[in-house]
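4 protein chains.
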Amino acid sequence: MDKFIHTYFVRVRYADTDQMGVVYHARYLEWFEAARTEMLRDMGMVYKQLEQSGIYMPVVEAYCRYRKPVKYDELVRVRTALGDISRSKIRLDYEVQGERDETVRVEGYTVHCFMDESGKPRRASQELLSFFQNISCLSI
Amino acid sequence: MDKFIHTYFVRVRYADTDQMGVVYHARYLEWFEAARTEMLRDMGMVYKQLEQSGIYMPVVEAYCRYRKPVKYDELVRVRTALGDISRSKIRLDYEVQGERDETVRVEGYTVHCFMDESGKPRRASQELLSFFQNISCLSI
Amino acid sequence: MDKFIHTYFVRVRYADTDQMGVVYHARYLEWFEAARTEMLRDMGMVYKQLEQSGIYMPVVEAYCRYRKPVKYDELVRVRTALGDISRSKIRLDYEVQGERDETVRVEGYTVHCFMDESGKPRRASQELLSFFQNISCLSI
Amino acid sequence: MDKFIHTYFVRVRYADTDQMGVVYHARYLEWFEAARTEMLRDMGMVYKQLEQSGIYMPVVEAYCRYRKPVKYDELVRVRTALGDISRSKIRLDYEVQGERDETVRVEGYTVHCFMDESGKPRRASQELLSFFQNISCLSI
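Residue numbers (the working numbering), protein chains in the order written: chain L, 507 to 646; chain D, 507 to 646; chain C, 507 to 646; chain F, 507 to 646.
Rather than coming from a laboratory, the hints here were simulated on the basis of the structure.
Any copy, or any two copies together, can satisfy a pair, since identical chains are not distinguished.
Lysine to aspartate or glutamate pairs mimicking EDC-like chemistry, simulated, CA-CA at most 20 angstroms apart: (1) K577 - E536; (2) K577 - D622; (3) K574 - E623; (4) K574 - E613; (5) K595 - E623; (6) K577 - E567.
As the structure is a computational prediction, the values presented were derived from the model and not from experiment.
Next up, chain L with everything else stripped away, as it sits in the complex (with noise of 0.2 angstroms):
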């Protein structure tokens, strides 16, 4: 079985190289934070809602392995599941592939908090919690 729920393609632009040929390694925190956004778009969750309610969920930690270079003009895969859980917070997995190929170029993941708009971190409701765990009991 498989944890990752959700696939986002990326194409490698020259502005994602860097003078080594391959993907600039803050790049993929970028590529994250857009697989994630279309996860829940694709979950019924448009996060921009999220927030115009009320709801911001900022990234408190982020972590990056980088096991093999993308390059220029590959397009990959951006592969998201979710980890734990809880009222406080919740953490992402991410996994970069080759189109085709199944050779994890990249993983990491991210703990986000639930914060209001004033900035004060704040408890997931019961509702916004089942979304979440309904979401990370699906598989592919």
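Keeping the supplied structure of chain L fixed, place chains D, C and F upon it in accordance with the hints.
The following block gives chains D, C and F in isolation, referenced to the frame of chain L:
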């Protein structure tokens, strides 16, 4: 006489380069931002405080001409000059050169309008206009 | 008749925005890069392969005119057209619009020369020139 | 005793911020890059020259913990320390603080392996290992 009245130094990072081994073309606009902000600060105007007083100067046009590449770990100079100034907009000119080398690698400009907090265009006050006119009379 | 022959969609990320709540002005140049690369791919030319054959098309000029802001989570269209074409350089024009909205938010262009692997300018072959001329006759 | 042996200053730009009005989380990895490169330079090692001698130190892991936001136009300190050192990899630790304020806003680390030009892992020479070991004995 030299119209460039301010010099800002930048060290090129891996983050700035692309797989051709040179600075990615969009990065120069970030350097221009840093250069004009520091020019204003050195002239006595903290742009952040200008915003806090309700005046914003968003970029409405930007242009770059890439003449010679800038490479990893180079220390370059971004020189700034004031171009046309009116109550509705101002133009800033930029030149990127090596640390000791007069060759112009990149040149460009940005045009800024004046805007209030709500995003509406407004005319610069006489005081603000005079500030820019005084700067543009300087030479180094 | 519409000179814009290709449409590329971009979803705006947090990574693209700045504290004014709009897309940071330098980012559009990255979107232009993505748009022209996908236009070429759709027309049958993979830019990466062009490079592998020894022909590079670096950006020698870039211009943007920012008319209306683009905001977080918007899905925007970047439309690309061919401008002047010669054996020494070509120009591409871009327009950024909302997903369904015809208002031009940002417009701009990039000029590209032809270069060999060593960084020397070279003239485009008749074949390459014809490729671009044929594209520029298309309309959608 | 303070393990952080080097301080690098960064001024926050619009380019660094996102629509929450704080530094976008991926940017800190760029600051860490700048901080470690300047630490090495100040200790007598120009990373670019290390590369020219055939030794590369790519990032194989990166981690950030975001404690408090950093805002537009702040001048922040990025402090660097050496963590574990072995012939196969080294770890660097970072801390981001305000200009005069001891509160840790962001902390993190990067792990680097040693690689030759062809991308193969190699063990650090005794000389290189000693260089890092000597640095890690410093305190400020």
